[in-house]
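**Q** These are the residues of each chain, in order.
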Amino acid sequence: MAKEYKIPTMAEMAAAEKTPEVLFWVGCAGSFDSRAQKVSVAFTKILNEAEVEFAILGKEESCTGDPARRAGNEFVFQMVALQNIETLNLYNVKKIVATCPHCFNVLKNEYPALGGNYEVMHHTQFLQSLINEGRIKLKDGGTFDGKKITYHDSCYLGRANGVYEAPRSVLQNLDNDLVEMQRSKTTGLCCGAGGAQMFKEDEPGKKRINIERTEEALETGAEIVAVNCPFCLTMMSDGIKAKEKQESVMVYDLAELILEKM
Amino acid sequence: MIQQIIFAIVTFASFGFATKQFLKIRRNVLLGKDKDISDQPGERWKNVFLIAFGQKKMFKRWIPAVLHLFIYVAFLFTQIELVEILVDGFFGTHRFFAEPLGALYTAAISSIELLSVGAFFATLIFLIRRNLLAIPRFQMDEMTGFPKFDGNMILILEIILLIGVFSMNGADKVLQNMGADHYHMTGNFAVSTWLGPLLFGGMSEATLVGVERFGWWLHIMTVFAFLNYLPISKHLHIMLAFPNTYFAKLQPKGEMENMTEIMNEVKSMMGLIEADPDAPMDDLPEFGSNDVMNLDWKNVLGAYTCTECGRCTSVCPANITGKKLSPRKVMMDVRDRATEIGKKLDSGDMQWVKEELRAEATMLTKENFDDGKSLFDYISNEELHACTTCNACVEACPVLINPLDIILKMRRYEILTLSAGPGDWLPLFTSMENSGSVWQLPDARDKWAEEATSQN
Chain A
1 MAKEYKIPTM AEMAAAEKTP EVLFWVGCAG SFDSRAQKVS VAFTKILNEA EVEFAILGKE
61 ESCTGDPARR AGNEFVFQMV ALQNIETLNL YNVKKIVATC PHCFNVLKNE YPALGGNYEV
121 MHHTQFLQSL INEGRIKLKD GGTFDGKKIT YHDSCYLGRA NGVYEAPRSV LQNLDNDLVE
181 MQRSKTTGLC CGAGGAQMFK EDEPGKKRIN IERTEEALET GAEIVAVNCP FCLTMMSDGI
241 KAKEKQESVM VYDLAELILE KM
Chain B
1 MIQQIIFAIV TFASFGFATK QFLKIRRNVL LGKDKDISDQ PGERWKNVFL IAFGQKKMFK
61 RWIPAVLHLF IYVAFLFTQI ELVEILVDGF FGTHRFFAEP LGALYTAAIS SIELLSVGAF
121 FATLIFLIRR NLLAIPRFQM DEMTGFPKFD GNMILILEII LLIGVFSMNG ADKVLQNMGA
181 DHYHMTGNFA VSTWLGPLLF GGMSEATLVG VERFGWWLHI MTVFAFLNYL PISKHLHIML
241 AFPNTYFAKL QPKGEMENMT EIMNEVKSMM GLIEADPDAP MDDLPEFGSN DVMNLDWKNV
301 LGAYTCTECG RCTSVCPANI TGKKLSPRKV MMDVRDRATE IGKKLDSGDM QWVKEELRAE
361 ATMLTKENFD DGKSLFDYIS NEELHACTTC NACVEACPVL INPLDIILKM RRYEILTLSA
421 GPGDWLPLFT SMENSGSVWQ LPDARDKWAE EATSQN
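Chains as they are written, first to last, in my numbering: chain A, 1 to 262; chain B, 1 to 456.
Among these hints, one or two may not hold up.
Calculated from the model, a selection of chain A residues having no Cβ within reach of chain B, i.e. all distances over 10 Å [as the list claims (entries may be wrong)]:
#1 E49
#2 E133
#3 F144
#4 Q172
#5 A242
#6 M250
Here are the in silico distance ranges between beta carbons for each label pair [unchecked claim]:
#7 B:P100 to A:A113: 57 to 63 Å
#8 A:L90 to B:K249: 57 to 63 Å
#9 A:D140 to B:E433: 48 to 54 Å
#10 A:G162 to B:L199: 51 to 57 Å
#11 A:G115 to B:K343: 23 to 29 Å
#12 A:K243 to B:I80: 39 to 45 Å
#13 A:A113 to B:L418: 22 to 28 Å
#14 B:D336 to A:N89: 43 to 49 Å
#15 B:I273 to A:A11: 23 to 29 Å
The hints are simulated quantities; they were obtained by calculation from the structure and are not laboratory data. Here a beta-carbon is modelled for each residue, glycine too, at the ideal position from N, C-alpha and C.
Construct all of the structure, not just a fragment, from the sequences and the given hints.
**A** Printed below as a string of structure tokens:
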């Protein structure tokens, strides 16, 4: 990469009296989970390459509160959410992009009631607009060219917010065949992580949800499972490993697939 | 004349009793908390027309959708015929609208007949689907006992109704052809013109009059039976689907309702607002829902609207993978609990008054009600904990019922009021509270960025 790769923080921006075009909301997974960190890196590389002026909150970012709220713990949700809104409003943030659909949903739909009003985009929507505006140039040829891709709708981007087309339109720009799973879009099956399930053992049952979904993904014969959510990324990767298919089937976030074509 | 008197008595008794039953349903729905839902009437009417009238969501599964459509449209059209039956019944007339409407009448009855044939076959197929084909959503645990009987009962009533319609019209046509007194010509009906002679041809006039009267009475009596059975049946959806779609949530499905009281408390803790000195000091504040009285009335309306089709449960990831959760059962449980409370309130029995209020209370009301039970006696923690909040059930419901909202309110009760919940969640809450992250980790939140850019 020719230009210097930078991930500035809002504090640094403010010190330099600059206002970024957009705040990148990294989220807990994007910050701490080793696999999701790679997505954060890929996405920030794309932002650098597309010359988007962005910043992260860095140490000033907290969990949006999604898992606590869905578990039923409104107190903890309000504590982290109000803290975040204080920070965001202090920096006069107008526009946010998140790589996690859970963060995206809470920031977009639930912070307004608490006094946080922002224009919020999911990174797949942001990538779509960058491609449409010609700010991202995709090259011919790439490691993944010609491989069959199946796209897994996350619940919080899909059903929760009705975003089905933006990620698909991003995938159309790749030189890959996109095959749909039996259950997709409005009927897409959950990966099993939502509603704070990520942080607890499954209730007794016959099967893990991610295995059910992985089997469906494998049925398509796809070599790449594309996801838009760090928790789906974990769940689907675990499912593929459990099925011992990690040699032949890879799970990637959309941002990683786009970066590979840049 | 005797027929008219009997008819009037039966009609008034039937409507009277049904009204009483429906008012009880209304009372049970309003056991739920007040909630103002009056915004965006345009959007709401759109849902009523598209989803309830237009059955848009049914067509996600086209086989049952087409079959259901036949029964639904036949049902709507039959109401026209029902108006005539009421007029004839009260005034002793016979096919009152035939003469004034002329060809239009023939066309109306003909379309009812054609739709009824469709409905007849649809009903037979539904009976087969429900009882002979192993369609999983009709075979689950919650579909045994009364719910199973209920599903079949409605279909059998439908068939009886159709037998009534065709005996009445068929015998009438044969009588018309014989030039019998009283049975004036009505033009050719699409089905009974040939079905009548086929079934009843060659019978004597007296027998035919008997068959015609039998069909007429069977028709109206089935309608009355149906009307009075509705309030205890899942079939209430034919009425409640309309208000339920009107009052359905319009915000994005992912949006959870804010708890203002907790927000304000946290805001005042953080010094963002002054604590309200007039705020009521409740010793044991209750948050979330553990019973019908602290759900919204809209949740209870959904419960009575549910027709137990099981589309929600058949797409629930937890249910599909063998967990105990079934969104349909959640709705049935809320309805059964509301009905139980309603019955106990009707009894007026002072043993259901909260113990500490029993001395002063003069009557049993929903405010002082306490029978020592709650929704948690119906819905287990295991069911609530299995939900991934994926909204598949909400998306699947053809009449816009929202089981997730109830699950989340009960989770709130469990965590906030009972301080219980899965032990696995404790480290999550602690970590979020202490470090603002879902995992308690020694690393700084932006370490990934520093490491990534250090390779420049």
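**Q** Evaluate each hint against the coordinates.
**A** Hint check results:
1. No beta-carbon of chain B is positioned within 10 Å of the beta-carbon of A:E49; the least distance is around 14 Å.
2. With a closest Cβ-Cβ approach of about 25 Å to chain B, A:E133 is found to remain outside the 10 Å limit, as its non-interface label requires.
3. The beta carbon of A:F144 is kept farther than 10 Å from every beta carbon of chain B, the shortest such distance being approximately 22 Å.
4. Every CB of chain B lies more than 10 Å from the CB of A:Q172, the least distance being 25 Å, so the non-interface label holds.
5. Every Cβ of chain B is farther than 10 Å from the Cβ of A:A242; the closest lies at roughly 14 Å, confirming the non-interface assignment.
6. No beta-carbon of chain B is positioned within 10 Å of the beta-carbon of A:M250; the least distance is around 21 Å.
7. For B:P100 and A:A113, the Cβ-Cβ distance of about 59 Å falls inside the hinted range of 57 to 63 Å, so the restraint holds.
8. Separation of A:L90 from B:K249 is about 33 Å and departs from the stated range, judged on CB atoms against 57 to 63 Å.
9. Judged by the Cβ atoms, the range 48 to 54 Å given for A:D140 and B:E433 holds: they are separated by roughly 50 Å.
10. Taking the beta carbon of each, A:G162 and B:L199 are about 53 Å apart, inside 51 to 57 Å as hinted.
11. A hinted range of 23 to 29 Å for the beta carbons of A:G115 and B:K343 is inconsistent with their spacing of about 45 Å.
12. Distance hint check for A:K243 and B:I80: the Cβ-Cβ separation is about 59 Å, which falls outside the suggested range of 39 to 45 Å.
13. The hinted range of 22 to 28 Å is satisfied by A:A113 and B:L418, whose Cβ atoms lie roughly 25 Å apart.
14. For the pair B:D336 and A:N89, the beta carbons lie near 47 Å from each other, so the given range of 43 to 49 Å is met.
15. In this structure the hint that B:I273 and A:A11 lie 23 to 29 Å apart at CB holds, the actual value being about 26 Å.
Going through the hint list in order, the structure does not satisfy hints 8, 11 and 12.
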